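K.L.:
One letter stands for each residue in the lines below.
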Amino acid sequence: MTAPFLEIQAIEKRWSHDVTVGPITLDIARGEILALLGPSGSGKTTMLRLLAGFETADAGRIAVANEDVTAVPPARRRFGMVFQHYALFPHLDVGDNVGFGLPKSPDRDARITAALGLVDLAGFARRKVHELSGGQQQRVSVARALAPEPRVLMLDEPLSNLDPALRERTRHELREVIKRVGITTVFVTHEQEEAFDLGDRIAVLNQGRLEQVGAPDVLYEHPANLFVATFVGRANVFRGNAARALGGNGKGILVARPERLRFSEAGLPGVVRERRYVGAAAFFLIESDDHQHFEVLAEPDAARVGQRVYVEATRVIAL
Amino acid sequence: MIRPRRSELAAAGLTLILAWVVIYPILVVGAAAADTAALGAFVMRPGEWAALWASVWISLVSVVLAAAIGIPLAFLFEWFDFPGRKTLGSLIALPVVLPPLVGVIAFLFLYGESGFIARAIQAALHLENAPWRLQGAAAILLVHAYSMYVYFYLFTRAGLAKLDVSMLEAAQALGADRRATLWRVIVPLLRPSLVGAAMLTFMTALGSFSAPYIFGGGFRVMTTQIVATKLNGDLPLAMVETVALAIVAVAGLLILRRTEGDDILVALGKGIAPRPRPIRRASVRWLAATLGWGLAVLLLLPHLTLALVSLVPYGAWTTEILPPVVNFDNYRRLFSEAERLRPMLNSLWMAAASTVVAVVLALAAGWLVVRQRVWLRRLIEGLLALPWALPGTVFAIALAITFGVHAPLQLRFVLVGTAAILPLAYLVRALPLTGRGILAAYRQLDPSLEEAAASLGAGRWRTLTRVTLPQLRPGLAAGASLAFVAALGDIVASIVLYTYETRPVSIEILSSLRIAETGVAAAFGVVLMLVSALVLGVGARR
Numbered sequence: 001m002t003a004p005f006l007e008i009q010a011i012e013k014r015w016s017h018d019v020t021v022g023p024i025t026l027d028i029a030r031g032e033i034l035a036l037l038g039p040s041g042s043g044k045t046t047m048l049r050l051l052a053g054f055e056t057a058d059a060g061r062i063a064v065a066n067e068d069v070t071a072v073p074p075a076r077r078r079f080g081m082v083f084q085h086y087a088l089f090p091h092l093d094v095g096d097n098v099g100f101g102l103p104k105s106p107d108r109d110a111r112i113t114a115a116l117g118l119v120d121l122a123g124f125a126r127r128k129v130h131e132l133s134g135g136q137q138q139r140v141s142v143a144r145a146l147a148p149e150p151r152v153l154m155l156d157e158p159l160s161n162l163d164p165a166l167r168e169r170t171r172h173e174l175r176e177v178i179k180r181v182g183i184t185t186v187f188v189t190h191e192q193e194e195a196f197d198l199g200d201r202i203a204v205l206n207q208g209r210l211e212q213v214g215a216p217d218v219l220y221e222h223p224a225n226l227f228v229a230t231f232v233g234r235a236n237v238f239r240g241n242a243a244r245a246l247g248g249n250g251k252g253i254l255v256a257r258p259e260r261l262r263f264s265e266a267g268l269p270g271v272v273r274e275r276r277y278v279g280a281a282a283f284f285l286i287e288s289d290d291h292q293h294f295e296v297l298a299e300p301d302a303a304r305v306g307q308r309v310y311v312e313a314t315r316v317i318a319l
Numbered sequence: 001m002i003r004p005r006r007s008e009l010a011a012a013g014l015t016l017i018l019a020w021v022v023i024y025p026i027l028v029v030g031a032a033a034a035d036t037a038a039l040g041a042f043v044m045r046p047g048e049w050a051a052l053w054a055s056v057w058i059s060l061v062s063v064v065l066a067a068a069i070g071i072p073l074a075f076l077f078e079w080f081d082f083p084g085r086k087t088l089g090s091l092i093a094l095p096v097v098l099p100p101l102v103g104v105i106a107f108l109f110l111y112g113e114s115g116f117i118a119r120a121i122q123a124a125l126h127l128e129n130a131p132w133r134l135q136g137a138a139a140i141l142l143v144h145a146y147s148m149y150v151y152f153y154l155f156t157r158a159g160l161a162k163l164d165v166s167m168l169e170a171a172q173a174l175g176a177d178r179r180a181t182l183w184r185v186i187v188p189l190l191r192p193s194l195v196g197a198a199m200l201t202f203m204t205a206l207g208s209f210s211a212p213y214i215f216g217g218g219f220r221v222m223t224t225q226i227v228a229t230k231l232n233g234d235l236p237l238a239m240v241e242t243v244a245l246a247i248v249a250v251a252g253l254l255i256l257r258r259t260e261g262d263d264i265l266v267a268l269g270k271g272i273a274p275r276p277r278p279i280r281r282a283s284v285r286w287l288a289a290t291l292g293w294g295l296a297v298l299l300l301l302p303h304l305t306l307a308l309v310s311l312v313p314y315g316a317w318t319t320e321i322l323p324p325v326v327n328f329d330n331y332r333r334l335f336s337e338a339e340r341l342r343p344m345l346n347s348l349w350m351a352a353a354s355t356v357v358a359v360v361l362a363l364a365a366g367w368l369v370v371r372q373r374v375w376l377r378r379l380i381e382g383l384l385a386l387p388w389a390l391p392g393t394v395f396a397i398a399l400a401i402t403f404g405v406h407a408p409l410q411l412r413f414v415l416v417g418t419a420a421i422l423p424l425a426y427l428v429r430a431l432p433l434t435g436r437g438i439l440a441a442y443r444q445l446d447p448s449l450e451e452a453a454a455s456l457g458a459g460r461w462r463t464l465t466r467v468t469l470p471q472l473r474p475g476l477a478a479g480a481s482l483a484f485v486a487a488l489g490d491i492v493a494s495i496v497l498y499t500y501e502t503r504p505v506s507i508e509i510l511s512s513l514r515i516a517e518t519g520v521a522a523a524f525g526v527v528l529m530l531v532s533a534l535v536l537g538v539g540a541r542r
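Those protein sequences? They're chains H and D, same order as listed.
Going letter by letter, the first sequence gives residues 1 to 319 in this note's numbering.
Going letter by letter, the second sequence gives residues 1 to 542 in this note's numbering.
Don't read these hints as lab results, they were simulated from the structure.
Some hints could be false.
[Claimed, not checked] Have a look at the derived ranges for each label pair, beta carbon to beta carbon:
hint, chain 1, residue 1, chain 2, residue 2, range
1, D, L254, H, T70, 43 to 53 Å
2, H, P103, D, Y500, 50 to 60 Å
3, D, R541, H, N225, 57 to 67 Å
In this text, all values refer to a predicted model and were calculated from it rather than measured experimentally.
Each residue gets a CB set at the ideal place from its N, CA and C atoms; glycine is no exception.
Construct the complete structure from the given sequences, taking the supplied hints into account.
P.N.:
Structure representation (C-alpha cells):
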C-alpha cells in the first residue's frame, strides 16, 4: 500500500460532557474516495468540518502529504468543500462563484471555463445562480470547489438535495469527475447505497466512534460488529435456538442477509406472516416459533402468507 | 487550560463601549436624582403629577386612535381588491417617512388657526376670528393619530400576510362562520402583531416631543415639562422628571409585553396568505376606491400645504385665502445664505457620522452575537435595544448630565457644548435601528456561505467585503437609512444639547417659526422631507 496522503490521527472533538466525537484514526490514500457513513448524530459531519478546519480539534492531528494542518485555518488549508445546500453566493453569477477561489491572473477566465467544462456546464458562466436547477447548482458547487485545485475535496451529503430520479445519474457523473481529476476525496452520507456507489472505501461511524473501515464488499460480507452488520445492508439477527438451528454454536449472535436464506425441507421452522413483492423477487416476513422475526428474499411464488416453512442459511456471519 | 477566545475579549470591549454610551448616563442620572432635594419638590408639585399623567393618558388614547384607524385600513387593503389598491396601499404608509417635526409644522400650516383651512372657513363665513385654535390635548392627539396609525396599519398587514389560508379554510370546514373565524382564529393569530404595534405606538407617543411642544400651549406632557425645566436651569428637578418618565416607559413596556404571547405564526412556518377578494358589486367597489383616494388626499394634504407655504416669500401672504405670490425665494435663501446653509450641513454630517458608527457597532455585535455566540451575547443585544425602550428626552438629559462635567476617573468628559455631543446622542438613538436590521440579516445569513469563502482561500477581510456585507446589505441599508433619517429630523435630543455653532435643521425650523419666517421654515421642512424620502427609498431598494 502506498503511503497515506491524508492522515487523521486520534482526532477528537468534545462538544459537551457526554457528547464526544473521536478519537478517530484514519488514513486515506492519494486519489482515494472515502465515504463517511453513519446515522444522524454519528459525528460524520463533525469529522468533515474538522478536516475542513471549520471546527478545531480538542486532541489529535491531521496531516496532508506529511504537512501538519491541524492548526491551519480553512482559508490556507487548500481543502475544497461542497456544502449540503451548496452555499453558492447568491449575489455573484456562476462564473464569479467558480472564480471566487482563483487568484487574479491572466488565465483566470480560462480556468473558470475549464472548471465549468469539467461538470458539463460550459457556457453557463454569466447565468445567475437562482436561475439554475438543483442539479446544476450542485455541479456549480463542485466546479467552484475544484477550480482552485485543492489538495483534498470534501462533500457534505452532496446528493441529498436532489430528487431521487436525478440522484443516481448525478452520483455516477460525480464519481467520474472525481476520478478524472484524481483528487483525494472525503464525503459524508447517511445512505448506504450512495456510500457503496461513490466510495472506494467506507468508514462507518456511530455515536462519535469509528466502527469499521473497508471496501463495500468487506463491510457487507465481514462486518466487524452488529451495528455495521445491521446498518450496512439488510440483515436478520438471530439469537438462541434460532441461531443454533441455522448452524451457530448458540453462544453469540448470528447475522444472515435475506438473500442468504432460502426455504428448505428442514432447518428453522416458522410461519410466513407477510409477503412484500418487489418485482424480480419478494421479501417474505417470517415469524419463528420463538417469535423472532426475519426476512427471506426468494422467488415471488416461493411461499404463501400463513404457510408453515423451514428456512436454512447459505451463509451466516457469526458475531 | 481554558484560554479566553479573542472573540470573547472583543465582546467584552464592545459591551463596555455600549454600556458606557447607553446605560451609564442613565445610571448617573438615576443616582443623582435619588440624591437631591428636588425629589421632594417633584412629589409636592401638582403640576409634575399632571404632566406625568398627561403623558400616560395621551399615549394610551393615541394607541386606541391609531388602532381604530390602522387596523380597519389594513384589513381593507389586505383582503379586498379595488381600483388603485396597490398605489394607495403604499401611499397611506407615507406619514412614517416624515420626520415628526415636519409633520407637525405641516399640520400647523394646514389646520392651525392661521392655517389654510381655518382661513378658508373664516373667509367663507366672514368670521371676525379664526374658527378654532389648534391647541391642547386634542391637537396633540390629532397629530398622533395621523402619524401613528401607520404602525398598526403596517403591523396588521404584515400579520395578515403571514396568515395561512388553509387555517381559515380549516375553521370554515369545522363549521365556524365568518364572525367565529375572525374572533377565534384571526384575532388570536394577529395578537403578536397588534401588541407589537401597540408597544411601538405607546413608546412613540410617550416620547413624542414636537406635537406637544408646538401645539401643547399650557398643556404639558412630561417630555415638554423636562425640557422647560432644563431651560429654566433647574437641573436637579429635570433629572427627577427624567427618571419618572423613564420609569413610566419601562413599566408600560413590561405590561404590554406580558400580553404579547409567543409569535405562534413563526412557529407554524410559512403559509399561503389569502388572496385579496375583488369587490363584486360595482357601486361598492367605486365607493371603496373613492373613499381610499379621498383618504390618500387627506393624508397628503399637510405635505402639499407645506410645499405651498415654502413657495411664499416672506411677508407676501397676509389675509388672502390663496397666496398672491409664489416663487423659489425661500429655497434660494436656504442655499445662498451661509447662516441658513449651515444647519443643513450640520444635520447632514452629524447624522452621517452617527449612522456610520452605529452601523460599525451593529456589525461587530452581529458577528459576535450570531456567529461567535459569545458569552455576553444577551447583554450586547439588550444594550443595543435599550435606547428604543426609553424616550429620547431621557437620553438627552442623561447625556447632558453625564458629559457636562470633567471626571476622567468616572469616564465622564465635557462633551456638552462640543461638536461631539449631538452625534453621540444620535448614535444612541440609532443603535436599536441598525442593531435590529443587521442582527436579523445576520441570523438569516447561511453560515456555510462564509465557510465556503474560507475554504476557497478567502481571508477574513475578503470574506467580509465580498460575501458577508453583500449578503447583509438589505438589512444594513434598511437600518442605516432609518437611523440616518431619524438623526436628520431629530428635535428631542437636539433641543436639549445643541449649541449655536452645531444647531441642526430642526432647531433652525423652530427659530424661523418664532420670527414668523414661515416660508423658510416650510422650505427647510420640504428639504428634510425630500432627503428623508430619498434616503429611505435607497435604503429600501432590494
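K.L.:
Within 57 to 67 Å: is that where the Cβ-Cβ distance between R541/D and N225/H falls?
P.N.:
Once the Cβ atoms are compared, 60 Å apart, the range 57 to 67 Å for N225/H and R541/D holds.
K.L.:
For P103/H and Y500/D, compare the CB-CB distance with the range 50 to 60 Å and indicate the outcome.
P.N.:
Check passed, 56 Å falls within 50 to 60 Å.
K.L.:
Is 43 to 53 Å a correct range for the gap between the Cβ atoms of L254/D and T70/H?
P.N.:
holds, 50 Å
No hint from the list above goes unmet by this structure.
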